[in-house]
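Asks: Turn these sequences into a full structure, and let the hints steer you where they fit.
One-letter residues, chain by chain:
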Amino acid sequence: MNHNAQGHAAGFDPNDPHHFSDLGEHHGHHITPTRTLLMVLGALLFCTALTVVAAEVERYAVFEMGWQLPHWVNIAVAMSIATVKALLVIAFFMALKYENPLYTIIFLFCIFAFALFLGLTGMELDNRGHLYAWKQPAIHPGGTGVNMPATSGNITVEGEKLSMEVDAFNNASLTENLKKQYIEEQHITEDEYWERWAEANHVHPKHDHALSDANHSVPRRGLSGALDTHAPEAPAAGTHGSEH
Amino acid sequence: MTTIDSHHTPAKVRSSEPGWKRYLAASHFRNAEDEFDACKLGFWLFLATEVLLFAGLFCAYAMFRMLYPEAFAAGSHHLKVIYGGTNTVVLLLSSFTVAMSIRCAQTDNQKWLRINLVITIICALLFFFIKFYFEYIPKWTSGIRPGLLYTNPFAAHPQEPTWWSVYYGATGIHALHVLIGASLLSWCLYRSIRYKAYGPTHYTMLENAGLYWHLVDLIWIFLFPLLYLID
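Chains F and X, in that order, are what the protein sequence lines are.
The numbering of the first sequence is this note's numbering, which starts it at 1 and goes up by one.
The numbering of the second sequence is this note's numbering, which starts it at 1 and goes up by one.
The set of hints was computed from the structure by calculation and includes no laboratory data.
A quick note: this is a predicted structure, and the numbers were derived from the prediction, not measured.
Just so you know, even glycine gets a beta-carbon here, dropped at the ideal spot from N, CA and C.
All the given hints hold, so there is nothing to weed out.
Residues from chain F shown here face chain X by an in silico Cβ test under 10 Å; the list is partial:
id, residue
1, P14
2, L41
3, E58
4, N74
5, V77
6, T83
7, A95
8, T121
9, A172
10, S173
11, L174
12, K179
These stretches of chain X come out as covered by chain F in the derived footprint (C-beta under 8 Å, 3 or more residues):
id, segment
13, 51-59
14, 62-71
15, 90-102
16, 145-151
Replies: Spelled out as structure tokens, the structure:
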């Protein structure tokens, strides 16, 4: 075959030198009408307003009317609306509705992987104590919310020195130490501290830092206790102290 | 034996021709259409890795929320819905203008292509202004910082620093993506002004930068309720 001759004969297109487009493989790109895009934008803005209003209603029901909503209501409403918004963006703005289904499969794979991350990690964390009852005392609480060693100086994180001055933690959490420090520095009483605390946390005296039931920790075997200061019976700090 | 373009590399076309008409697909593609499809498939694979990056952050959020719901409720109370909501509207609007600018490229409407890109970039700057001026800077200066950097004496829960780690981590990486997306779109705007680079037969870069921008919007659509609304 002489492509050159053919190309010149039919009017040469440098972007399609072999005239593959004549084979009828291409249907051209989809051009989304302005009207559709505007309607999607309107729907997205409406959903944003809806999710904010729903959250405010939920807040009002819990704090002003004293309803105790099940813990999943707020999350389920907010996440459902977010999912609708995400689908609108994906389908119309990213034009996945009109595109090669291969891209949709790639996206679905992501969602599958995400479900795997969430599901497996969640199951593991939630059931550690059940599966490994014998391991329970060996699971260390972590982070800054638990009792820190009484030594002063630099904290080492994974063997590397954190260039941060950390005074003696006095076997209390980071936040507890910050509170003590503040009271000492300001020469105030504990009551005065709590007044300032309420102001800083925008806590209305009427609410008295009340939380809806949804936001209370559930005791978890193998994890709670030392991690959760609100748990009814937190094990004494001494039980883990020897292992630090 | 033939090679695709060895005999056909055209002589330099008049530079008054718009860039999208002068564009030649790389020689290893059958035609420009195939090149567009290949670029786009590659970009969707990249977007998949981006989704997985944020999936890790969402997973951290879910697990820490499961362990310390009180700390998350207390931390969320510090965030003003008005700022998060405004930023949501800003990003949704910018997503719309990006979609419109791609439509303008497809219909060879060079003027409105640029106007839409300019609006998008202004939205990105507005997002940054709200994020830093009303949120990051006041919080950071009052000691509300992630993890061990936390120095605010009024924590409502011993694990509040953990919540702030998740907050700064997720919104910080998202803000980095806003910066990258806005930079890509600024580059598109420059090429559009300089070369009229995008038109009906060639707008690959604009399409992919737009997809990236939509992904940034998509992530925020989930971050907003998770951080600001659920408590």
